[in-house]
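Novice: Here's the letter readout for the chains.
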Amino acid sequence: MAILVNRESRVICQGITGRNGTFHSLACRDYGTKMVGGVTPGKQGEFVDGIPVFNTVWNAVQETGADVSLIFVPAAHAKDPILEAVDAGIQVIVCITEGIPPLDTASVLYTVREQGRFLIGPNTPGVISPPEECKVGIMPGYIHKPGPVGVISRSGTLTYEVVDQLTREGVGQSTCIGLGGDPIVGLGFVDVLKMFKDDPQTEAVVLIGEIGGSAEEEAAEYIKAGFGKPVVAYIAGRLAPPGKRMGHAGAIISGGSGTAQGKIKALEDAGVTVVQNITQVGTILKDLLG
Amino acid sequence: MHLHEYQSKELLAKRGVQVPRGSLCYDPLEGLIAARQLRSDKVVLKAQVHAGGRGKAGAVAVVSMDEDIRARAAEVLGKRMVTEQTGPQGKPVSALLVEEVLHIDKEMYLGIILSRGSARITIMASPFGGVDIETLARDKPDQIYTTQVHPLRGLTDYKARAIAYRLSDSKKIATQIMDVIAAMYNTFLELDCSLVEINPLIVSGERVVALDAKITLDDSGLFRHPEMELWRDRSQEDSLELSAKKDGLSYIKLDGNIGCIVNGAGLAMATLDLISLHGGAPANFLDVGGGASEQVVGDAMSILLDDNRVKVIFINIFGGILRCDVLARGVIRALRRQQVAIPVIARIEGTNIHVGRRLFEESGLPVQMIGSLDEAAKRAVEVAKTV
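Protein chains in written order, with the numbering used here: chain A, 1 to 290; chain B, 1 to 387.
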């Protein structure tokens, strides 16, 4: 099982002939992902280490039956490729690009949601389902291990840190998903929690939040209403000064809202185990799952 | 990027919003001349700083023309203004907006943001302006009206009208408020803003006037508006933070003495939290990014080595794309170049870890490698206390 992507997912990369596009398409394939094609306008007929390149997403979908797309295009031009993927019938769109103007993301998100598709990101490490040997993103595959824990996070390297701890403790993962560090992103905590709730393979969830916005508070409300599986959370940014963007465009405390303290309280009120020390997530999960 | 009040008013006035008469002054004499030109018995002097809470901090003063205007202007110009939002060091005041004093019949609030949850442009309005929106949300939550704009239809007249009539029953006033809302909305869209706010928007007789305005441009949209860079006031931003940004680093100054270098924003925040959990105080937030080069790592080290508050440097890298050997070379080069004997605690994990470790060991530099993140953070705190 696992959520969003699996063994059957047929993945293309928009921007496959760029440096990052090539590197990560091949890394995903090495992990086991079915990388069936790539898109770079003007390069149809070429191959990237055996992966066929197409001029348009439409062509790629027609020829390969792709249903998942990994996007590596510069921020200034990222809006159009997302819409192109939606119109060509791609179901799950993973947008790695950082620095897309939020108004652009907001305008494509309307179409993505209206069409019932899933956008992961932008500014995300992507999604990986270790039991399905499927990785669509830039995370290092080797730190993951198949198992029962679902991981949802707004961060990249912090997720790697937590996954590494889990794996070292012998606790594997069902699906790990980075929601993205931007203020406006596609899938949110609640969307993914709903999927984990219905996924029989996922027995527990690690939720990694950070300052800014109210996504963690909304997750807490959802969990409180009856999520039914244990959730362990960590919130980054207790020390963040108000009004400063802490690296991620979305990590900012504004007008006293979006603080770590507020989020921790909301999650604890919902029965979530909130970990203060990031280095203890692995052992806590190990104890929890016995 | 924050804009000053006078810049925000200029953008709105260009789109038809009425603002008080006035002009911008850089020295007290200019201030006096500007005040006299208003031909009024009193004027308002408004210090231009990137911070809210100016009223309470004395940065806004109504002054009678009988007073010594030059002296009053000199009290703030060239000084640092401390408000509840600036921190104790304050922000420098290099310009003063001298404006006419208007009779106020009513103070209202209008603000536009991009709402995170709905991903829609959201207009907030209240018939009670003059206090900040956070206070208003706490004290009079039922007096804030919010309206979301449909992303494809844009701002429809009926929505603007519905807000306007919530703020005023008078058709003459409401019609003007509608135009203000449209001007704010257009500014928001055209300039990729994250905030356009008029607070207060006042009714003065039969006119609707923006008494104060605040616009923030979203940093991710700035590449589309290179002309706006001319309006950046570098004096309002921390110089280290600015130079770090130029090097492609994300750096924020904090109050402690443990210098931190981390890759990734989330891990960087978590590292600060861990240090403080162990009783230490970080000197900074510094994210070198997921795929930093040797050069970028070296630049990051230099920022910390130049900071004389820093007693120990704590490096926490989870190398995925960033290889540990690249990191080690950057760190070693910076340490050799600057020849500062600051102890370094390094917790490095990931790609090419063995090469990175060997490079540090062979360097003969005071770099201590600790495998466990928790132990490494504890050690950094200990070292900072003993140095």
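Simulated from the structure, these hints should not be mistaken for lab results. Incorrect hints may appear among the rest.
[Claimed, not checked] Now the in silico label distances, taken between C-beta atoms and shown as ranges:
| hint | chain 1 | residue 1 | chain 2 | residue 2 | range |
| --- | --- | --- | --- | --- | --- |
| 1 | B | R336 | A | T111 | 17 to 27 Å |
| 2 | B | A162 | A | Y142 | 54 to 64 Å |
| 3 | B | A162 | A | S214 | 23 to 33 Å |
| 4 | B | E362 | A | Q115 | 51 to 61 Å |
[To be verified] Coverage of chain B stretches by chain A, computed from C-beta distances (three or more under 8 Å per stretch; other residues unrestricted):
| hint | segment |
| --- | --- |
| 5 | 202 to 216 |
| 6 | 296 to 305 |
| 7 | 344 to 356 |
Since the structure is predicted, the reported quantities are computational estimates derived from the model, not experimental observations. From the three backbone atoms N, C-alpha and C, an ideal C-beta is built for every residue, glycine too.
Novice: Against each hint, give a clear statement of whether it holds in the structure.
Specialist: The hints, checked one at a time:
no.: 1; hint: B:R336 <-> A:T111: 17 to 27 Å; in the structure: 53 Å, violated
no.: 2; hint: B:A162 <-> A:Y142: 54 to 64 Å; in the structure: 56 Å, holds
no.: 3; hint: B:A162 <-> A:S214: 23 to 33 Å; in the structure: 25 Å, holds
no.: 4; hint: B:E362 <-> A:Q115: 51 to 61 Å; in the structure: 57 Å, holds
no.: 5; hint: 202 to 216; in the structure: violated (count 0)
no.: 6; hint: 296 to 305; in the structure: violated (count 0)
no.: 7; hint: 344 to 356; in the structure: holds (count 3)
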